[in-house]
Amino acid sequence: MNAQPSMPPDPAAAYVRLEAVSKRFGEFSAVDAVSLEIRRGEIFCLLGGSGSGKTTLLRMLAGFEPPSSGRIYIDGEDMSAVPPYERPVNMMFQSYALFPHMSVERNVAFGLEQEQIRPAEIRRRVAEILAIVEMSPYAARKPHQLSGGQRQRVALARALAKRPKLLLLDEPLAALDRKLRERTQFELLNIQERLGVTFIVVTHDQEEAMTLASRMGVMDRGRIVQVGTPAQIYESPVNRFVADFIGSVNLLEGKVADLGAGDLTIRCESLGCTVRAARRVECAPGDTVWAAVRPEKIVLTDATSPGQPADNCVRGRVREVAYMGDVSICLVEIDSGKVLRVTLSNHSGLAAHRDLKHAVVTLSWDAASPVVLTR
Amino acid sequence: MAGIPALWLALFFLIPFLIVLKISFSEARLAIPPYAPLFTWLHGLPIPRIHLSSYAYLFTNPLYLRSYLYSIMVAAVSTVICLLIGYPMAYAIARAAEAWRTFLLMLIVLPFWTSFLLRVYAWIGLLQNDGLINNVLLGMGLIHHPITLLQTDFSLYVGIVYSYLPFMILPLYANLEKHDPALLEAAADLGARPLMSFLRVTLPQSLPGIAAGSLLVFIPVVGEYVIPTLLGRTDQIMIGRMLSDEFFDNRDWPVASGVAILILLLLVVPIVLLQRVERKELAGTGEAEAEA
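Chains V and D supply the protein sequences, listed in that same order.
Residues in the first sequence are numbered from 3 upward in steps of one, following the numbering used here.
Residues in the second sequence are numbered from -6 upward in steps of one, following the numbering used here.
In isolation and in its complexed conformation, chain D is listed as follows (with noise of 0.2 Å):
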């Protein structure tokens, strides 16, 4: 029984990862597929042909640099945001009454419900240079020429912002809604004012759900591909289109495939941070059901 998640990780997750790992240490063919074979035959024994041509193109050309780097930038730059507009928000529906909670956690995750790619085209429709808010600034008088903010660092955050909030207010929730009332009380009994007991209490004991909310959106969003496309810069991109752009356009699919091993490389160390916060989650409170 155990061994049925190890068999469907090995068979969807492992095995791809080798083929691509594969395809990254060949050399680009113009054949169908359009990279060389890894073996060659000699005399009856497998040779193995191993190029670093496409790392070396990685690890080279500036041109990726900045895009890696500035993947990273967007990714951190949204955790902050969602971190900022998302833990008001989970801290009030985790306070809110009994009844409202429900209710006000639907409200979070109905939007996933509908498409994604609807959501992502209905702020084309409100940012462009005819579009809602534009036209109502200028029928307003407040602008006389339409802002551009479409295709801008601005809309590429509002996009990614949106669309991964859920993502940081289920588990800061998770965390929030576990906490013991009974330990403001105490320290406002000990002279802690709200804030204080908020710093000293509240912030500390949620450190586990901002770091898997973070995490959460931090992982996902370096790889971002529809958002960045339909509402990002043009002069800039993310690494994930740059990868796309290799693998269709180009048809190098070594290099793509580097693309994507780099890309993993880059974000084992969250991953593995984010596995053991998890752990540690299930941990903690296995250890205080035994206490009690």
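Okay, chain V solo, but in the shape it has when bound (with noise of 0.2 Å):
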């Protein structure tokens, strides 16, 4: 499902820089000190929690607000003091916004009317964008008689109508439904690859970053804590916050007992195991750091088989089971107390996973699989 751009865009186009932007509103930072590059072309997403300052770092992109400190460049111009009716950025906002006493069509040349263009000619680029976006028949309908979808559609086409070098989305798909959502990520990746926009969508749903973005920036109070593509965020987060924001994640709490050439031991006390992860990191023996291993990386086998490996292994007992359909969550809780998260897949439905419940299991994962977090 993760549909990357067939164009890869080009590392060396950096379109959108910002070095250092900071707002704040008091004694209160909202964005604090953020440097960022989004490259031409891309789909970068801003990803993090309410409060963590995307939206507010986005209205600073637009032209909203100006950032206490810091610099803004769109196309290699410095643009942080620029009002938002003179940048080449388009946004589409939140909750549409559409001009309620105007047609879909009068809604989509509103922006093509502040340029001086032709009437023909805005009369042409319109149809062309309703075309794209398939609500050709609604032109003459106004906003409140469509439904949400048709909506979004509306406010995309508008949006995209003056072809903008840079589109923002805030929280595009938050108000549709999921089988809705789906269509309009596929819709959204389409469109954007068909027309060369650079996107920049902001969001806190971490499903729709990771199907929509090329490259994505996580978010914390204010900061950004990784920048990357959403397999290198998801397999290689830099901290426990990251891996913890992503999916699931089981942190395992534990001290650098070894540092090998291409490994390192560690020796989890409180958890009565041993994880031996094959990466490298900067630690010392003796240091405090967390295995994170992703819940459909642990294999799960009855306790009854012989020969259990020394590291990467832990016996618990299975407390509940959960069924989603496409997969199976395995709540298994280990000797300390401690729950582990475990994703099966149901490739025999059901019956293979419900008698689980209360067993005792072997839990283990290959050494590859554990990142190991200093902080």
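FYI, nobody ran anything at the bench for these hints, they're computed from the structure.
Virtual Cβ for every residue (Gly too), placed ideally from N, Cα, C.
Among the hints, erroneous ones may be present.
[What the hints assert, rightly or not] Quick list of simulated restraints, FRET-style, between CB atoms: (1) P174/D <-> G264/V: 52 to 62 Å; (2) A129/V <-> F10/D: 47 to 57 Å; (3) R225/V <-> P174/D: 27 to 37 Å; (4) P68/V <-> I126/D: 41 to 51 Å; (5) R321/V <-> F96/D: 54 to 64 Å; (6) G28/V <-> V102/D: 32 to 42 Å; (7) R94/D <-> V283/V: 53 to 63 Å; (8) L196/D <-> G28/V: 52 to 62 Å; (9) H146/V <-> L196/D: 11 to 21 Å; (10) E91/D <-> E271/V: 54 to 64 Å; (11) A90/D <-> E271/V: 51 to 61 Å.
Got two chains here, separate frames each, mind docking them using the hints?
Right under this line is the structure:
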């Protein structure tokens, strides 16, 4: 489900550059010294919870808020003090903000009418963009006569009508139901590829970010914590916050026991197990670290099978099995009381996992699976 | 339960209206009451006696035609002035910080808590030949003889606009306050400068408020009596004063009733318009809520 755009963005073309951008409201910093580079033609997602500063950052890019400090460059030009009506940027609002007293056609034409374009040309371009979002039959309707999904397409068409180089999307899929969300995700990817517009998407939904983004930035309390592709962020989170924010994760706390050439051993006393991770990490013996193991990377076997390996393995009792249709989520309680989460694929249906409940099992994982986090 | 408003309307509007209508069709008499009864009895059967003489008199008398036209003109001009002054005020209040809005609205409404008549008299005190304004101008040496400010069209409009401004501001504010600020941001994002955003986003959305405020000023001002009598011209009077003179001074109830009926007929169109605007405003918010 992770569709990457087929044409990789040019890494050399930094289309948007933020240099130490901050936004302060009195004592409180909504955005704290954020530096970021966004490349031409990519879909960049700003992912974070509420209060992380992502929306404030987006508004500064749009021009609705001036930064308290720092600079914003778009296509090489310093846009920090430029008002929104003079920026080559358009925004798709979370509430869509369609003009209620205008028809769909007039809404979409609004931006074009602000430039000195001939009426015939405006009509042609409006028809063109409405066809792309598949809203041509609704051109004469007013916003209140449309459904939520239809309004969203009109908002998108309106934002794309001026063919901006940069499109900002504020929680574009938040108001849609699941089926519509999936469909719209692919349509957005299609349109972006077709028109070659650089997208910056703000969202709190990690699934949305993982699907849409060619690269994403995780934000926490006004700062960018990690920037990378969805795969990099998921498989190699830099700290516990990111590991826990994206997907589910099991964090095993322990002390570094041994450092080898390409691996290290962590002794988790409280959990009664040893983790051997095939990774190189900057740390010293005795340091407290966390081994992050994703639920889908844990193998669950019957505790009665002989020959338990010494490390990367722990024994426990299944507390709960949650059936999700395509997968089952097992909560396994180990001796220390800690509960580990395991995701099992349902290739043979529910029956295979249902009798696991209350069973004693062995959890094991490959040495390549744990990510060692020092913070 | 739904019957009570209907009963109220019937009792306090429909029946008095029918009485006035009936009187307008009778002829004046030196009697108490000073008009002939509608029916006379002949051999036990009621025969209606309908006289159209009052209406004939009103339509052929140029004095009445001029008065009607003058009243409509004064009402229209007052409405426009109220709109030009009231819109910026309503806009400013709607854009003010939450904490200030109640205070500002109170400032608009507070004068209502004092006597209307007293406030009109206060204008006399300000505008008369030896009033405050003339004294200040004389004292400053800007004029050498007092300017006639009272009993002119100027003083009439001052009095009407001053008294009716809140009727324009409050419906306008009620409309402007509901506007979504994100729309203005969207307009700016699409390239519209502030003035353009106002003309293409704010103004069209405020049309129902403008219509409501305008009608709430226009309709009552047509029939205004007190302000034109105290502050207005003596050579051209408004229709409310004509009605009063006809009723009290000439004791011609049929003609006075005819004047009242014609005022009502004149205002039927604006009143219906006002009701349609109000219904659309209510329906509009209902629709938006249903979609959300």
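Now the hints, each set against the structure:
Here the CB-CB span from P174/D to G264/V is close to 57 Å, well matched to the stated 52 to 62 Å. Between A129/V and F10/D the Cβ separation comes to about 56 Å, which falls inside the hinted range of 47 to 57 Å. The hinted window of 27 to 37 Å between R225/V and P174/D holds, with their beta carbons roughly 28 Å apart. In this structure, P68/V and I126/D meet the distance hint of 41 to 51 Å, their C-beta atoms being roughly 47 Å apart.
The given range of 54 to 64 Å is respected by R321/V and F96/D, whose C-beta atoms sit roughly 60 Å from each other. Remark: the range hint 32 to 42 Å for G28/V to V102/D is upheld by a beta-carbon distance near 34 Å. Remark: the range hint 53 to 63 Å for R94/D to V283/V is upheld by a beta-carbon distance near 58 Å. Between L196/D and G28/V, the C-beta spacing of about 35 Å breaks the proposed range 52 to 62 Å.
Against the hinted window of 11 to 21 Å, the Cβ-Cβ separation of H146/V and L196/D comes to about 19 Å, which satisfies the hint. As the Cβ distance of E91/D to E271/V is approximately 56 Å, the hint placing it in 54 to 64 Å holds. Distance hint check for A90/D and E271/V: the Cβ-Cβ separation is about 58 Å, which falls inside the suggested range of 51 to 61 Å.
Checked against the numbered hints given earlier, the structure breaks only hint 8 and satisfies all the rest.
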